[in-house]
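There are 2 protein chains.
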Amino acid sequence: MTEQSRTDSTDGNKRHYSHTLDLSKGKVEMVHGSGGKAMAQLIDELFLNAFSNPWLDEMNDQACFQLPAGRVVMATDSHVISPLFFPGGDIGCLSVHGTVNDVAMSGAVPKYLSAGFILEEGYPLADLQTIVTSMAAAAEEAGVYIVTGDTKVVERGKGDGCFITTTGIGVVPEGVSMGADRVTAGDKIIVSGSLGDHGVAIMSLRENLTFETTIESDTQSLNDLVAAMVEVVPDIHCLRDPTRGGLSATLNEIAQQSKVGMQVYETEIPVKPQVKAACEFLGLDPLFVANEGKLVAFCPADKAEQLLAVMRAHPKGMDAAIIGDVIEDDLQFVQMQTAFGGNRMVDWINGEQLPRIC
Amino acid sequence: MTEQSRTDSTDGNKRHYSHTLDLSKGKVEMVHGSGGKAMAQLIDELFLNAFSNPWLDEMNDQACFQLPAGRVVMATDSHVISPLFFPGGDIGCLSVHGTVNDVAMSGAVPKYLSAGFILEEGYPLADLQTIVTSMAAAAEEAGVYIVTGDTKVVERGKGDGCFITTTGIGVVPEGVSMGADRVTAGDKIIVSGSLGDHGVAIMSLRENLTFETTIESDTQSLNDLVAAMVEVVPDIHCLRDPTRGGLSATLNEIAQQSKVGMQVYETEIPVKPQVKAACEFLGLDPLFVANEGKLVAFCPADKAEQLLAVMRAHPKGMDAAIIGDVIEDDLQFVQMQTAFGGNRMVDWINGEQLPRIC
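So the sequences go chain by chain: A and B.
All residue numbers for the first sequence refer to full-length UniProt numbering, where the first residue is 1 and numbers rise by one.
All residue numbers for the second sequence refer to full-length UniProt numbering, where the first residue is 1 and numbers rise by one.
Same shape as in the complex, but just chain A:
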């Protein structure tokens, strides 16, 4: 019977350790991923502490919860954004927002999240704690619970600080049925706010650009906005958050899946002046730039004004705008009438504009 065995006693569901984790100067070590006591301590003192909820606190290798009968939605996102901290957010809140939004874009109410961490040996525990705290706050704001997780550690040079994969579960309300193949000619295209903020915030940081006003990422959960929209207009045909690839990728994907064309109007697409300026400087097109807190909605034309009003009345949709129309087009092209009155193709970029943007 060793001294260690005696001190590592339990108290309620809490395990005790001979030393507490050094969260100010400590680093992630290989041992934190090995399934032993050091990993249990990292989980207890960092993750359980921040995320505590009845399901996670059970400390099983899986979480168990009740769901009503019906349609359930599942979405997953691996987050590898670089840098990990940026104006307006960090990988922690982003990893919650990203998956909450993927679930919400089906019209579902997000409920439960899992989180898988891949940590690089040597990563500061203080930074990890900041990330985890940010995740916890984002989950609370969105009304979801992080109910289960996993932690792995890779050797220095085999990762990049911290990767987070989140998976979300949500419940679809009765009467809601959205899909990328449900968009039809005649639908209006609405965006919930200004485009390009996230991608430009990251790129400006990477390129060390400073502008008169800092450009902040728009990273945020949209499930409350979606709930408000669905309540008033349940027959929205499709919602999508224009993340990687931006509005352009979203419109082209949906045009192909719904076998329609799209006509948008440049003057109607909200882009902040400083984002526009930064895009010109960086050689980016705001239509191709990732967003992390905006959505595109496709709805029947006769419901568009009503939906727009609901969106504008919500703090996360104040700058919402109808930006175009879904049209019949066998070629499934997305076209934009420019500010100068011409029409140009909004093609789906093949190459990469912004690596590791989320």
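A few of these clues could be false.
Here chain B is said to cover these stretches of chain A; the calculated rule only asks that three of the stretch's residues, wherever they fall, bring their Cβ under 8 Å from a Cβ of chain B [as the list claims (entries may be wrong)]:
(1) 30–41
(2) 59–71
(3) 146–160
(4) 268–279
(5) 291–299
Here are a few chain B residues that sit away from chain A, every Cβ distance over 12 Å (derived from the structure) [what the hints assert, rightly or not]:
(6) Ala227
(7) Ala313
(8) Ile322
Here are the computed lysine-lysine pairs in the DSBU-like style, where the Cα-Cα straight-line distance is at most 35 Å [as the list claims (entries may be wrong)]:
(9) A/Lys158 to B/Lys25
(10) A/Lys303 to A/Lys259
(11) A/Lys259 to B/Lys27
(12) B/Lys259 to B/Lys272
(13) B/Lys272 to B/Lys303
(14) B/Lys276 to A/Lys158
(15) B/Lys25 to A/Lys25
(16) B/Lys25 to A/Lys259
(17) B/Lys276 to B/Lys303
(18) B/Lys158 to B/Lys27
(19) A/Lys303 to A/Lys272
(20) B/Lys303 to A/Lys27
(21) A/Lys27 to B/Lys158
(22) B/Lys25 to A/Lys272
(23) A/Lys27 to B/Lys259
(24) B/Lys259 to A/Lys158
(25) A/Lys272 to A/Lys259
Derived from the structure by calculation, the hints contain no laboratory data.
All values reported here derive from a predicted model rather than from experimental measurement.
Glycine included, every Cβ here is placed at the ideal spot set by N, Cα and C.
Given the coordinates of chain A, assemble chain B onto it according to the supplied hints.
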């Protein structure tokens, strides 16, 4: 209207590309994670091709499925095993088995999986295809569907080939209620087969050891074995797969959560002779070595023989054995009667024995 736009037409739900992916000599490029057309092509020609099922084929950013009312289980695992291919399996099938088993250890029937890939720039597409094909086969064998996913690419030197995070959803049958805090003094401890195979297979490969017979990983899904067990003995108190940290970590964790002690008998614990020999050579203790296709069951003593018989009648439990008893112990110690008759503590290792074993 570019040539590319014209050739990239759609046919049904299929997108067409001007060239097909070069799956024999191609490499993962940064552009495959950028949200553009190259990513869509990787998803279409590699992932959708291998995993095709009605939910994934909808090609939304989330999957939607029906669940009955009741208890649902969610589990997640990030897989960073090195090397990616090993005797008996690869990271692909392992990533399915690991999460299927985490779901099944609650007594639930695993149904749906998500998969998040973090790929390193330059990783051969041919190897990725082998991994994805292995995942698909493992999912089919386990009767689960990979319904949604995500792909990210990081620069060379910021990852290690391929990391896969899988999350699983399962449904708990009526009358089943297992948990790490439900084990009581008097319960019997049963393992489903020989211990240490997975960890020793990986370590032998890393150390370039050869033995007379190749030691293969035991990686496999256990949901069918669990279903057979639950059908006959629904009141199993706890199931756990002894992965990282091995049997030792599993027994110690559960002893602490259920506030009991455990007494196991070394002569009853099945370890293959070649695994025992390799452990001696490598300086490992089979009790601390990871398994990926074995489970530990805790059940009332009066059901133990019946449960053992069911397990032995199943191809994945042929070598099942009762290895010990749960006892009252305020100190929550795990003790082992050795082959020589003495009793020793089976402590929970603090340090790391085997990094990146899963």
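So, going through the hints one by one against the coordinates:
Chain B is given as covering the segment 30–41 of chain A, and this holds because 10 residues of the stretch bring a CB closer than 8 Å to a CB of that chain, at least three being needed. By the rule of at least three residues with a Cβ nearer than 8 Å to a Cβ of chain B, the coverage given for the segment 59–71 of chain A holds, with 13 such residues. Only when three residues or more bring their CB closer than 8 Å to a CB of chain B does the claim for the segment 146–160 of chain A stand; here the count is 13, and the claim holds. Using a Cβ-Cβ cut-off of 8 Å, 0 residues of the segment 268–279 of chain A lie near chain B, which falls short of the minimum of three, so the contact claim is violated.
Residues of the segment 291–299 of chain A with a Cβ under 8 Å from some Cβ of chain B number 0, which does not satisfy the need for three, so the listed coverage is violated. Under the 12 Å C-beta cut-off, the non-interface status given to alanine 227 of chain B relative to chain A holds; the minimum distance is some 16 Å. With 12 Å as the threshold on Cβ separation, the claim that alanine 313 of chain B sits away from chain A holds: the shortest Cβ distance comes to roughly 26 Å. Once the 12 Å rule is applied to beta carbons, isoleucine 322 of chain B is consistent with being away from chain A; the minimum gap is 23 Å.
Restraint check for lysine 158 of chain A and lysine 25 of chain B: satisfied, since their Cα atoms lie roughly 24 Å apart, inside the 35 Å limit. For the hint linking lysine 303 of chain A to lysine 259 of chain A, the alpha-carbon distance of about 22 Å falls within 35 Å, and the restraint holds. For the proposed pair lysine 259 of chain A and lysine 27 of chain B, the alpha carbon gap of about 32 Å is at most 35 Å, so the pair holds. Of the pairs offered as hints, the one joining lysine 259 of chain B and lysine 272 of chain B holds, with about 31 Å between alpha carbons and a cut-off of 35 Å not exceeded.
The suggested pairing of lysine 272 of chain B with lysine 303 of chain B holds, with an alpha-carbon distance near 27 Å, which does not exceed 35 Å. As the CA atoms of lysine 276 of chain B and lysine 158 of chain A are separated by approximately 31 Å, the hinted pair is consistent with the 35 Å bound. The straight-line distance between the Cα atoms of lysine 25 of chain B and lysine 25 of chain A is roughly 45 Å, outside the 35 Å bound, and the hint therefore fails. Under the criterion of a C-alpha separation no larger than 35 Å, the hint pairing lysine 25 of chain B with lysine 259 of chain A is consistent with the structure, at around 33 Å.
Simply put, lysine 276 of chain B and lysine 303 of chain B have alpha-carbon atoms about 31 Å apart, close enough for the 35 Å limit, and the pair holds. Between lysine 158 of chain B and lysine 27 of chain B the CA atoms are separated by roughly 16 Å; this keeps the pair inside 35 Å, and the hint holds. A threshold of 35 Å between alpha carbons decides the hint, and for lysine 303 of chain A with lysine 272 of chain A the separation of about 27 Å falls inside it, so the pair holds. Of the supplied pair hints, the one linking lysine 303 of chain B and lysine 27 of chain A is violated, its CA atoms being roughly 47 Å apart against a limit of 35 Å.
For the given pair, lysine 27 of chain A sits about 18 Å from lysine 158 of chain B by alpha-carbon distance, which is consistent with the 35 Å threshold. With a C-alpha separation of about 44 Å, the suggested pairing of lysine 25 of chain B with lysine 272 of chain A is violated against the 35 Å cut-off. Of the supplied pair hints, the one linking lysine 27 of chain A and lysine 259 of chain B holds, its CA atoms being roughly 32 Å apart against a limit of 35 Å. The suggested pairing of lysine 259 of chain B with lysine 158 of chain A is violated, with an alpha-carbon distance near 39 Å, which exceeds 35 Å.
Taken as a hint, the lysine 272 of chain A and lysine 259 of chain A pair is honoured in the structure, with Cα atoms around 31 Å apart against an allowance of 35 Å.
This entry does not satisfy hints 4, 5, 15, 20, 22, 24, going by the numbered hints stated previously.
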